[in-house]
Amino acid sequence: MRLHVVGAGASAAHFALTALERGFEVVVLDVGRTRPPAVSPTASFGELKSELDDPVEYFLGEHFEGVVLPSDETEYYGFPPNKAHVFAAEERFRLASEGFEPLASFAKGGLAEAWTGGVYPFTEAELVDWPIGWDELRPHYEDVARRIGISGRADDLAEHLPDHGGLMEPLRLDDHSSSLFSTYEKKRERFHALGCRMGRARSATLSADHAGRPACSELGRCLWTCPTNSLYTPWLTFEELEGREGFTYLPGRYVDHFETDGGRVVRLVASRDDGEQETHDVERLVLAAGTLSSARVFLESVRRERGEAPRLSGLMDNRQVLQPFVNLRRLCRPWEADAFQYHQLVMTLAADDPRASVHGLVTTLKTALIHPIVQSLPLDLKSALFVFKNAHAALGLLNVNLHDTRRAENTLELGPSGELRVRYVPPADEPTRIGAALRRYRRALRMLGCFVPPGMTHMRPMGASVHYAGTVPMTDEARPLTTTRDGRSRDFENLWFADGSTFPFLPAKNLTFTLMANASRIAATVS
Amino acid sequence: MADASEPTALLEEECRVFTRYLVGHDPDAGALAAYVRAHERDARLSHPDARARDEKLLLLARRGPRRARAADACARIFAPTSRLRRKLVCLLAVLEVRGSTALELDTADGGSSAVFLARCVLLCAAAGGRALAALLLLSFERLGERG
Ligand SMILES: Cc1cc2nc3c(=O)[nH]c(=O)nc-3n(C[C@H](O)[C@H](O)[C@H](O)COP(=O)(O)OP(=O)(O)OC[C@H]3O[C@@H](n4cnc5c(N)ncnc54)[C@H](O)[C@@H]3O)c2cc1C
Ligand code: SF4
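Chains as they are written, first to last, in the working numbering: chain A, 1 to 527; chain B, 1 to 147.
With the rest of the complex left out, here is chain A (with noise of 0.2 Å):
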């Protein structure tokens, strides 16, 4: 029993891996651009500066492409030099957009190369839009949560991040986090009668030694990517993988499209790097190329099978609005080198539909490259430095995530030369939906004893916070472009999706663990 699978992300590397379990012979085929070595793994960051040779080099690019500089545009991602084979561009394929940026990846583990490790399961409510349910999906989150190592406990936001099991002890709290956590616990009531609530968050990063990965030893690197691997990526599932029976990863294939013989699919067919074309016999097929991916395969195999091909409805994402915040009992202090970089709390709202909560993670300042954030102060340099250094173990960011439905006018298209179209409009609503739940997180943050600096307030563009999906839904109802509850195809009957092609609704919640563990879910049942 064969399965061909397209891709090496998140939902590639679970899918694979219990389908591998159930002994399915895999084949991967992927794009799979490699992240260069680890260097000096266990020096912290700060460390890095003086120990490394060139450290302009490592911590700027060769060509200086890790510099901020001033610029026009609003949204700057700043990723690191060393993380340049997670968004390098893949020329076979071509997007265009209108109200979307739309980011895709071609690195073996995907975009969670470049991930911050926040995993949150959905609740019952949030997935009351899906053909199954909470108790259908709990034994993959705790599955998924043993292979990679999930930090975090149940506590405040227990209702809103249900236990699944396999949780370990949470990661130790940076001492900033720290201070905001405690002083939300001693205003917890009126938290409370905000509908507010904070908690631990949920991490793919150890708190202890497991399966061969340290526990976090606190870097402070996370975002030049870890050199210990205490804290996930996929590509790590595709390092254990490789070396199994039955399994095979095939690098340097761009998968173009599948022929079919009508009802199902027979080969698959990639061009590799060299320019050479190759085709596969496939028993079965499993997309899990990415959203966006494998919108595109599917539909260039329509077209070319049909003449036509059809449009492709429901993308959702979540909106991210981005929220700076003081804490001013910390101004002035030394801010904590050695700590975990990303998140470690979070701060949720209620709604009245559960559906509707909105999910914030705080991330309080600790290592970074200063000059993006120096650079924006409506000062001198010279000046802005100084405030920076007396403010930087104060500062901190709250991220809110906004939920998102499928609806018709967010569709993917093929364009004329074989560019996927991207087209996205925010719900009428959203606007109103913002504005409320700032308001609540404004009042929240300065019950902290922090100070919400006017006019900083970001809203990132639609496609900004890489959570795609819902373009091929799984329902229970049959019709075409659609997929049964365990992700197979209607249109071609050995045909699986196990990306967030499939997801009927998107939470304000962070996507991949669900990703991770409904792909594992679909293939502890295909057949």
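Calculated directly from the structure, the hints in this document are not laboratory data.
Hints are supplied without guarantee of correctness; some may be wrong.
Residues from chain B that face chain A, not an exhaustive set, calculated with beta carbons under 8 Å [unchecked claim]: (1) Arg51; (2) Phe78; (3) Gly99; (4) Ala102.
Given the structure is predicted, the values throughout are model-derived calculations rather than measurements.
For every residue, glycine included, the Cβ atom is placed at its ideal position computed from N, Cα and C.
Starting from the known structure of chain A, arrange chain B with the ligands on it as the hints suggest.
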């Protein structure tokens, strides 16, 4: 040579002045070399400004650390993406990743928050004053050129 209009010696001198402005002392050899290399490899740094006034801010800044600060204050408000700002931000990036200067740039002074907040207010006023001074300097120079 980084660029026909910017010989290495000019870039090195520029780097010295700007480093004195930012951290109060000369750059080490590594920072100096990195600054020159940045100009060789990143065309965004050598690309001249469209407006003559923005280029003049760069000329003003090269004349010493104090003038660099005044020109920077002015550029931050009136020419935030100018070549001067691009060069200064690039130098800041170089200095912050080098062990010898990283801590100087990003270590809190300590002391009370009230004093800090008061100093912030003064700094804002002073930065405004410097920006104005730079504008005046440029205007007088233009008058001088005409006269
Ligand atoms: C900066 C950043 C931070 C993030 N933080 C979080 C977070 O904290 N929590 C969270 O839940 N999510 C986070 N995300 C989102 C998360 O990374 C993605 O949702 C997730 O990785 C998607 O996984 P995927 O496997 O479905 O697709 P992808 O990651 O897009 O993987 C696609 C794979 O398919 C391959 N591929 C694509 N097309 C083809 C083709 N035609 N032929 C062959 N191979 C192909 C690629 O090489 C790649 O291996 C973050 C994303 C970014 C960018
Ligand atoms: S997860 Fe981050 S803080 Fe922890 S060891 Fe890795 S790089 Fe260091």
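Results of checking the hints against the structure:
Violation of the interface hint for Arg51 of chain B is found here, the shortest Cβ-Cβ separation to chain A being roughly 15 Å, above the 8 Å cut-off. At about 12 Å, the closest approach between the beta carbon of Phe78 of chain B and any beta carbon in chain A exceeds 8 Å, and the interface hint on this residue is violated. A distance limit of 8 Å between C-beta atoms decides the matter here; for Gly99 of chain B the minimum to chain A is near 3 Å, and the interface restraint holds. For Ala102 of chain B, the shortest C-beta to C-beta distance to chain A is roughly 5 Å, which falls under 8 Å, so the interface hint holds.
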